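Trainee: For the sequence shown, my numbering begins at 4 and goes up steadily by one.
The hints are simulated quantities; they were obtained by calculation from the structure and are not laboratory data.
Computed from a predicted structure; not experimentally measured.
Please note that a few of the clues may not be correct.
[Claimed, not checked] Once the Cα atoms are required to be at most 20 Å apart in a straight line, the calculated EDC-like pairs of lysine to aspartate or glutamate come out as:
(1) K215 / D88
(2) K215 / D231
(3) K215 / E180
[Claimed, not checked] Derived Cβ-Cβ restraints for the label pairs, each shown as a range:
(4) Q50 / L246: 30 to 40 Å
(5) N105 / S33: 48 to 58 Å
(6) P51 / I102: 15 to 25 Å
(7) A244 / E218: 54 to 64 Å
We put the beta carbon where it would ideally sit given N, CA and C, even for glycine.
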Amino acid sequence: MNILKLATLLTLTIGLAGCNTMDRLANVGSAPALSPIVDPTTMAGYQPVNMPMPQAIADTYQANSLYRTSAKGFFKDERAHRIGDILTVVVTVNDSAKIANNTQSSRGSSNTAGMGGILGAAVSTASLGEIDTNDAVNFNSGMTNTGKGSVNRSESLQTSVAAVVTQVLPNGNLVIEGHQEVRVNFEVRDLVVAGIVRPSDIQANNTIPSSKIAEARIAYGGRGQITDVQQPRYGQQVMDAILPF
């Protein structure tokens, strides 16, 4: 059964590698194509966001007043607040972590037992006196364990991307999603930002820092010749997946 699974995996891998090779050969000398602009809600796998919501409050107006109880602000501004509106997300990521662990333990034991009486005399006679019956049995054991581990990670990303409001939650929070593709020569850099923001966190210039995004999903990567060279070949990836050592 395992051989059949391995054969099937190798067949699929060879087939995919062949298709990818033909695509690469067909695009020799051409720059990577940019993705078309589409409605994010029509993409495969898109799911509306459902979050715990407070109880809705009906709008009420006081006599001779234009103010309503559910209003977020008295004066209207041009900040994003409806589906389809655009706002700018200022992405700032400065993360660093440094962890070091050092563990060392040791243990040792020694036990000695002797034999006397008739049993000790019999052993001494049989060994012609070469075995000391007072120290006939000796047990020694020892254990030493040493472990070290360290983590040193640093990430820094500063950029900005325009995002579109794709959903307005019942409590007024906005679900946003933004994609940005930049092609330089034969390399395309992708930036994806998604999450939930409060309208009150959107600044007067219609921007919001990435630290204010709840359930933030930020992805920065690329595709093209440089990225392709940095990836292991399909055969190596298959071997890394199936080899137990």
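Trainee: Take the hints in turn and mark each one as holding or not.
Mentor: Each hint, compared with the structure:
no.	hint	verdict
1	K215 / D88	18 Å, holds
2	K215 / D231	34 Å, violated
3	K215 / E180	14 Å, holds
4	Q50 / L246: 30 to 40 Å	37 Å, holds
5	N105 / S33: 48 to 58 Å	53 Å, holds
6	P51 / I102: 15 to 25 Å	39 Å, violated
7	A244 / E218: 54 to 64 Å	31 Å, violated
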